[in-house]
Amino acid sequence: MIVFRVDTRCGLGHLMRMKWLALACSEQGQQCHFLLEQTGLAADFFQNFPAQIHWLPAGLTETEDAVWCLEKLSALNAAAGNETAVQWVIVDGYGFGLCWETTIKQAGYALVAIDDLERSHQADVIVDAKWQGCRTLQRYMPASEGQTQPVRLLGPDFAILAPEYSSGKDVVRSRQLMFALGGGGDWQQLTAVIALLLTDAALESWTLLVVIGPYAVNTAELEQLSLRYPQLQLVRAPASLSAYYRSSQLFVGALGTSLYELAATKTPALTFALADNQQNQLQDLADLGHFLHLDSLIAIPAAALAQLVLVCVQNIERVKALRQSGKLEVDGLGARRIAHFLLTGQLPVPVSVERAENTATAEKIFLTPALSLRAVADTDINAYLTARNRPDNSWRMTITHSIPRHEHYCWWFSQQGSQQSSQQRQSFVLEQNGQALLYVWQQLRSFQGQNYWIGGWFAASDQVNFSHAQLILDWQLQFSAKQQPDAIWVAVIHQENKFVQLLNQRAGFVRLEPDSLQCQATQHFFPQADHTLFHFVGKWPHQES
Amino acid sequence: MTTAQALQEFLQQFFLERGVVLPEHWQSFNFIAAGVLDSFEILSMIVSLETHFALTIPSTLLTNADNASLGAFVDALLELA
Chain S
253 MIVFRVDTRC GLGHLMRMKW LALACSEQGQ QCHFLLEQTG LAADFFQNFP
303 AQIHWLPAGL TETEDAVWCL EKLSALNAAA GNETAVQWVI VDGYGFGLCW
353 ETTIKQAGYA LVAIDDLERS HQADVIVDAK WQGCRTLQRY MPASEGQTQP
403 VRLLGPDFAI LAPEYSSGKD VVRSRQLMFA LGGGGDWQQL TAVIALLLTD
453 AALESWTLLV VIGPYAVNTA ELEQLSLRYP QLQLVRAPAS LSAYYRSSQL
503 FVGALGTSLY ELAATKTPAL TFALADNQQN QLQDLADLGH FLHLDSLIAI
553 PAAALAQLVL VCVQNIERVK ALRQSGKLEV DGLGARRIAH FLLTGQLPVP
603 VSVERAENTA TAEKIFLTPA LSLRAVADTD INAYLTARNR PDNSWRMTIT
653 HSIPRHEHYC WWFSQQGSQQ SSQQRQSFVL EQNGQALLYV WQQLRSFQGQ
703 NYWIGGWFAA SDQVNFSHAQ LILDWQLQFS AKQQPDAIWV AVIHQENKFV
753 QLLNQRAGFV RLEPDSLQCQ ATQHFFPQAD HTLFHFVGKW PHQES
Chain W
39 MTTAQALQEF LQQFFLERGV VLPEHWQSFN FIAAGVLDSF EILSMIVSLE
89 THFALTIPST LLTNADNASL GAFVDALLEL A
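Taken in sequence, the protein lines are chains S and W. Counting in our numbering, the first sequence tops out at residue 797, every number present. Counting in our numbering, the second sequence tops out at residue 119, every number present.
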C-alpha cells in the first residue's frame, strides 16, 4: 500500500503528477490512497482515479496535518490487518516542511519527498526531475557527514508524466497555436495578446486553442472573444493535453509541468515563468530543446508579445529545428521508473544521456590550436543576448540599454538569417576550447551605389583580451575582403574606447571627413550614433594596415 | 637594427614610462599575468614596436601564452625581424 499526501492549495501540478505516479504503482499491484484537503475540483475529476481519496479537515496547521495523517496511516494499517501495510508515504507539496516529514519518519514510515525547489528533507527517497545541468546530480546531498544519505532520483529520467507521453507517436501538426497557463493562471494579460492575434491577417487560417485550467481566473473576455471569432477554441480542464501539444505548431504559455510534456512531444514553444519553480537557467532549458523563454510577462506590452508570437509563426521551421536540437531525451517513463524502484528497490539505469554538443558538428575555423571560429546558429540565440547585454559591452554601443529578451527574439529571427549570406547579417563566435569568448558580426550594405561593410564585436567572457580582439579584427578584414573586395569598411567607435580606436587605426581605419559620402553612409547605417560620442571611421579596399 | 639588446632597451624604456621597473631577470617576467599593462597599453606597445623596428607583428603572437614572458616575446620578435 502506498499513501500520498499532496498539496492542492497552489495549483494542480502536484496532484496531477502524483496521479500518474499512483497509476504506475497501481499497475504494479499496489493499492494507493490519497490524503487531500478539499480541492474544489469537480467530482468527475476523481472518476477512474487510481487511488482512494481521504479528505482532510480544513484549516490544519502543518503539525496538525502531520498528526492527522499519522492517525490515517494507522487506520489504513489496521484496516489491512497489518501494522506495516503502508510501504511508502509519498509527500508532494511546498506546504509540508521538515517538521511534517520528521513527524512521519519518527513514526517509522518510509518516506518519499517529491520536490523541485531543492528544499531540505528528512525523507528516505527524494525525487526531483528538474534538470540543472551538471548540478543536477549534486543536489540534496546530506548537510553533514553522519547524516543518512537518501536515495536521490534526480533529473528528466524521473519526470512524472501521463502515460500517453511515453509513446513517441509522430503527428502532423496543424495550423494551430496552443495557449495554456497550467491548472490555474490569470488570463487577463494573455487575453489581450490573443485578441490582437485574432485580428491579424497572418493568422487568418490558424486555430487559436486556449486550454483553461480548473483554477483559472479572468476568463470572461476569452469567452466573449470565442463567440466573435470561430478560430478561437476554448478547452476547459481537459483530461490530457498530450493530443493538443502534438497537434500544435507552437505552444505559448506558462512553463511549469509543461516543460517536460513539451520536451516529450517535441512541441515548439514560447514560454514564460509564472512561479518561482518555473525560473530556469536558459542553458538548462536549451539542453531540453527549449530556447524561447521569458522570465516574466510583466512590463511586456501585449502588442510586443503578439508580435513575438507572429515572428515565431513566420519562422516556425527554425523554431521547430531548435526544439529538435535538445541534448536530453524525455521519454515519459519517469513514473514507471520511480514505481519500479519503490516496489523492487532496484535503481534504474540512467538513460537521459547527453547527446553530443550541438555545435560539435558545426564547421570550425581554427585561428590557433586553441581558438576556433564558427558561424552563429539559432541555438546561440540566448547566449548571444547574454553577451550583448554584458555591462562592459553595452556602454560602447550605440544602444546602451539592455535589450529585453522578447525584443531580441524578434530581432534575431528577422536579422539573423538561417542561411548566412553577405547580404544578411553574418555572425560568428570565437571559442576557446569550446567556450564562447566573443561574438563578431558583419553585414554588406549599400548606400548611393557603393557597397560598404559594417560590423562589430563584443565579448562573451571575462577571458577576452587584446590579442583576441586583434586576432578577430584581422580575420574579419581578410574574410570580408574575400567575399566583397570592393566594399569600403565603415564603423563607429565610442570616443572613450581608446583600445578599439588604436586597434582599428593599426588595421588601416582612418577618421572619415564629416562631409564625406562615407560619413553620410555611416550615419545611415548607424542612425543612433552621435558624432559627439563616436568616431566615424573607414577603411578603403586594398588599403593595407 | 633589431637585436635582442635593442628590443630589451626599448621594452625597459616602454615599461619604465608606465611606472614599471623590470626585474633583474626580466626574461621570465610575464607582463600579461602581472597585469601591469591594460589592453590599450599592450596594443600601444605592439604598435610602437612595429613602428620603431619596422616589424609586422601577427595577431597570433600573443595568443600563445608562452610569449607572455618578455624573454620569449623578444625571441619571437627576433624571428620576425
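Please note: incorrect hints may appear among the correct ones.
[Said to hold, decoys possible] Facing chain S, according to a computed beta carbon distance under 10 angstroms, are these residues of chain W, among others:
hint : residue
1    : Q50
2    : S77
3    : I80
4    : S82
[What the hints assert, rightly or not] Examples of chain W residues toward chain S, derived with CB under 10 angstroms:
hint : residue
5    : S66
6    : I70
7    : T101
8    : N102
9    : A119
Just so you know, these hints were derived from the structure itself, not from any lab. Here the structure is a predicted model, which means the values were calculated and not measured. Just so it is clear, CB atoms sit at the ideal spot from N, CA and C, and this is done for glycine as well.
These are the hints, each one checked on the structure:
1. A hinted interface residue such as Q50 of chain W counts as satisfied when its beta carbon comes closer than 10 angstroms to some beta carbon of chain S; here the least separation is about 21 angstroms, so the hint is violated.
2. Hint status for S77 of chain W: holds, given a least beta-carbon distance of 4 angstroms to chain S, under 10 angstroms.
3. Hint status for I80 of chain W relative to chain S: holds, with the closest Cβ pair at about 5 angstroms, below 10 angstroms.
4. Checking S82 of chain W against chain S: minimum C-beta separation of about 7 angstroms stays under 10 angstroms; hint holds.
5. The restraint placing S66 of chain W at the interface with chain S is violated, with a minimum CB-CB distance near 20 angstroms, outside the 10 angstroms limit.
6. With 10 angstroms as the threshold, the beta carbon of I70 of chain W comes within range of chain S, its nearest partner Cβ sitting at about 7 angstroms, so the hint holds.
7. A distance limit of 10 angstroms between C-beta atoms decides the matter here; for T101 of chain W the minimum to chain S is near 5 angstroms, and the interface restraint holds.
8. Hint status for N102 of chain W relative to chain S: holds, with the closest Cβ pair at about 7 angstroms, below 10 angstroms.
9. Checking A119 of chain W against chain S: minimum C-beta separation of about 19 angstroms lies over 10 angstroms; hint violated.
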